[in-house]
Amino acid sequence: MAAMATDTTSSIVPASDRSPSSWGLGDGRAIPWEYAPAPEARDIVTLKERYGLFIGGRDVPASDGGTFGTLNPATEETLAHVARATPADADRAVRAARRAQTRSWGTLPGRERAKYLFRIARILQERSREFAVLESMDSGKPIKEARDVDVPLAAAHFWYYAGWADKLGYAFPGRVARPLGVAAQIIPWNFPLLMLSWKIAPALAAGNTVVLKPASTTPLSALLFADVCRQADLPPGVVNILTGPGEVGMALVTHPGVDKVAFTGSTEIGKRIAKGVAGTDKALTLELGGKAANIVFDDAPLDQAIEGIVNGIYFNQGEVCCAGSRLLVQESIAETLIDKLKDRLATIRVGDPLDKNTDVGAINSRAQLDKITELVASGVAEGAELYQPACDLPERGFFFRPTLFTNVAQSHRIAREEIFGPVLSVLTFRTPDEAVEKANNTIYGLSAGIWTDKGSRILEMAQRMRAGVVWANTFNRFDPTSPFGGYKESGFGREGGMHGLHAYVRLEDR
Amino acid sequence: MGSRVEARLEVRKTYKLYIGGAFPRTESGRSYLVSGADGAPLANACRASRKDVRDAVRAARKAFDGWAARTAMNRGQVLYRVAELMEGRREQFIAEVEAAEGLTPIAARAVVDRAIDRWVWYAGWADKIAQVLGSSNPVAAPYFNFTIPEPTGVVGVVAPETSSLLGLVSRLAPPLVTGNVVVLIASERRPLSAITLSEVLATSDVPGGVVNVLTGRKAELVPVLAGHADVDALDTWGVPDEMRTEVETIAAEDIKRLLRRPTKVAEARFDWLDDAATERPEWIAAFLEMKTVWHPIGG
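Quick mapping for you: the protein sequence lines, in order, are chains A and B.
All residue numbers for the first sequence refer to the numbering used here, where the first residue is 1447 and numbers rise by one.
All residue numbers for the second sequence refer to the numbering used here, where the first residue is 27 and numbers rise by one.
Chain A on its own, in the form it takes in the complex (with noise of 0.2 Å):
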């Protein structure tokens, strides 16, 4: 019972929020039993001491020879170096790329496309294990996870996107569709497979070339998928893959070369990126930030509400931008949910992310834990009550406690910034009015949770929301034939479905 033996959170967590619920321990101990390790092997992986940048099919390195290392955020250790691109390293790759786009891939009949693409997914299928192992490594976040979702997901991406090349005619009626050019890509640490696939699959599709940036803490399983693309025998320069820091990213947007840009990330940051654009032809999408109200109803199931209330906040140590980190409970049953919650949340494994029992795993980075630190600190010091269930963190490496607060005002700063970690804001209501003015008032608008009964209120209450997805009575659900994106600050453009299509195409008469 070593999780048991220290109570880091005794002196915060008040007594009243420690007692004994209805159907658990609700005293906000750990579990009292433990798991074996179940370590995910990771010889599956064999890391390169060094890696390149990706140009027109080739591996090479920056023009200055300059690297940078990428960490395991649970340990600590430096996995690899890799290359930091330059912006003479965005040119060429950009040049790379309309070489390709003009003379290959551009002119090649759809339904080839389509083959390379189908390919790619069969190859991701086939190396699942090793991608899983490696974006758990680089990330932090659960191999459960990696390898249940990212994966699958992103091979399913291409695999949809594939069928679609051959067929674009379909997706716009009396319109023929035409590839926009060069694509500039920037892509988070989060889901960096999977957002390499939402932005890849559509992009290539179409009949573009991508210049693909990962962000600088989750290089290796981009430069993982050039291999695939090498595997696949794609044509070289049709994807190009870029890892440095963000001005490299600012390259590409600003670079005259480039004919659409498509970014994921922060609201900060995509505001930049919009003012890079500004004044030129290149189309953009936004993929940004979200605050989600997560709404549960009196009438709600609610042992699989706390499931997914959990799964809407946790679900990747909660770095995730339509996270439900805004729970909007019904006053009447407010006291019961919390108390599941709280005993639910005792039962939460944090630690090793290559552990397959593990649950939550490491924040992606110490800046990431440092900021959501800061905005724990915050929500205690605003008055917010906080409650953390007792376990153990790995000593080395960034980990952060499932976090729950109550007693939360509109006004406070966890009730509106984007925390972007495991850290849930409580708020209540009465009247579904009351539900959805509080989950509209935000600056986001990307996702929301409904969590109800009645099939006629779901879609009311759907109606109602200003968000790109609604989830009614699940959460964090993600499929590659349903389009993904936001209202508001939340960004623009959609990615998933027929609708991701829209992004990269140009439209004309027939």
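None of these hints come from the bench; they were simulated from the model.
From the three backbone atoms N, C-alpha and C, an ideal C-beta is built for every residue, glycine too.
One or more hints might be untrue.
Listing some non-contacts, in silico: residues in chain B with all C-beta distances to chain A over 12 Å [said to hold, decoys possible]:
(1) Glu110
(2) Arg140
(3) Leu284
(4) Phe296
Over 12 Å on every C-beta distance to chain B, these chain A residues come out as not near it, computed from the model [claimed, not checked]:
(5) Pro1598
(6) Asp1673
(7) Gln1856
Result set (SDA-like, lysine to any residue): computed pairs, CA atoms no more than 25 Å apart in a straight line [said to hold, decoys possible]:
(8) A:Lys1900 x B:Ala95
(9) A:Lys1900 x B:Ala166
(10) A:Lys1721 x B:Trp309
(11) A:Lys1717 x B:Pro288
(12) A:Lys1817 x A:Arg1842
(13) A:Lys1900 x B:Ala167
(14) B:Lys154 x A:Pro1619
(15) B:Lys42 x B:Glu110
(16) A:Lys1721 x B:Arg287
(17) B:Lys154 x A:Arg1952
(18) A:Lys1717 x B:Asp267
(19) A:Lys1802 x A:Glu1480
(20) B:Lys88 x B:Asp256
(21) A:Lys1884 x B:Lys88
(22) B:Lys77 x B:Pro288
(23) A:Lys1613 x B:Val158
(24) A:Lys1900 x B:Glu176
Put chain B on the given structure of chain A with help from the hints.
Leaving out everything else, chain B in the frame of chain A:
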């Protein structure tokens, strides 16, 4: 006695702003002289201020929920009625377009006819666009998953500078048809048809605040509109080339949706009579948000 034609003094029209269904003068008390294509003075138009922009945005926001909540068929009928009333004012529009744009009577007639027909073309989309742009999505899980378009909200439209009526109608109708509300900055040099059109809107069944029309200096008004946090989207077609980067940079500050004129398209030379180039569902889609709902199937 009946043979002598009595010289009758014409009753001139005062051109005012159109905000929240009313016709106020600019709060700034300023005006500017509008001249015809031949240089002859036509009228004084209001030179709206930043405060007028804010008032117009507030009126638009207030009207949004009601307009967006109309049934699609109702919205289509309301907009069709605008075309009916334009038809009734045909001679007035022809005279205004002729004077403002220096067209021959025949050319002016063709432009006005096309403006009315274009309004009808867009109005017809109201109850069809969701079927063309929406989808049901075959997800690999027990959910009924569907995507529907919803209006973005308050749309700022910077009207074309050259085509005072046909260009204006071609930019105004697309956002309206899906339930958006509009704050429109009229052509600076040729603003009079925009005000006459708002008189049509005021007497049709378009609720007050759904369309708001401002006249004045674009250099003064457009940055204020682009920077207004309660404006969700911007049609920058009529933004002068030299202001383009500045306006788009301002609009980026709160992630406004933009519908931009391609840089290689010269505003003054664009052919608004070309149906294929101007009757575009994409112009409607630019002011729509796609909402995807996952509805559970079974227990």
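Do the hints match the structure? See the list:
{"no.": "1", "hint": "Glu110", "verdict": "holds, 27 Å"}
{"no.": "2", "hint": "Arg140", "verdict": "holds, 18 Å"}
{"no.": "3", "hint": "Leu284", "verdict": "violated, 8 Å"}
{"no.": "4", "hint": "Phe296", "verdict": "holds, 15 Å"}
{"no.": "5", "hint": "Pro1598", "verdict": "violated, 10 Å"}
{"no.": "6", "hint": "Asp1673", "verdict": "holds, 27 Å"}
{"no.": "7", "hint": "Gln1856", "verdict": "holds, 18 Å"}
{"no.": "8", "hint": "A:Lys1900 x B:Ala95", "verdict": "holds, 22 Å"}
{"no.": "9", "hint": "A:Lys1900 x B:Ala166", "verdict": "holds, 23 Å"}
{"no.": "10", "hint": "A:Lys1721 x B:Trp309", "verdict": "holds, 22 Å"}
{"no.": "11", "hint": "A:Lys1717 x B:Pro288", "verdict": "holds, 21 Å"}
{"no.": "12", "hint": "A:Lys1817 x A:Arg1842", "verdict": "holds, 18 Å"}
{"no.": "13", "hint": "A:Lys1900 x B:Ala167", "verdict": "holds, 20 Å"}
{"no.": "14", "hint": "B:Lys154 x A:Pro1619", "verdict": "holds, 13 Å"}
{"no.": "15", "hint": "B:Lys42 x B:Glu110", "verdict": "holds, 23 Å"}
{"no.": "16", "hint": "A:Lys1721 x B:Arg287", "verdict": "holds, 17 Å"}
{"no.": "17", "hint": "B:Lys154 x A:Arg1952", "verdict": "holds, 22 Å"}
{"no.": "18", "hint": "A:Lys1717 x B:Asp267", "verdict": "holds, 22 Å"}
{"no.": "19", "hint": "A:Lys1802 x A:Glu1480", "verdict": "holds, 14 Å"}
{"no.": "20", "hint": "B:Lys88 x B:Asp256", "verdict": "holds, 11 Å"}
{"no.": "21", "hint": "A:Lys1884 x B:Lys88", "verdict": "holds, 19 Å"}
{"no.": "22", "hint": "B:Lys77 x B:Pro288", "verdict": "violated, 31 Å"}
{"no.": "23", "hint": "A:Lys1613 x B:Val158", "verdict": "holds, 17 Å"}
{"no.": "24", "hint": "A:Lys1900 x B:Glu176", "verdict": "holds, 23 Å"}
Hint violations for this structure: numbers 3, 5, 22, all remaining hints satisfied.
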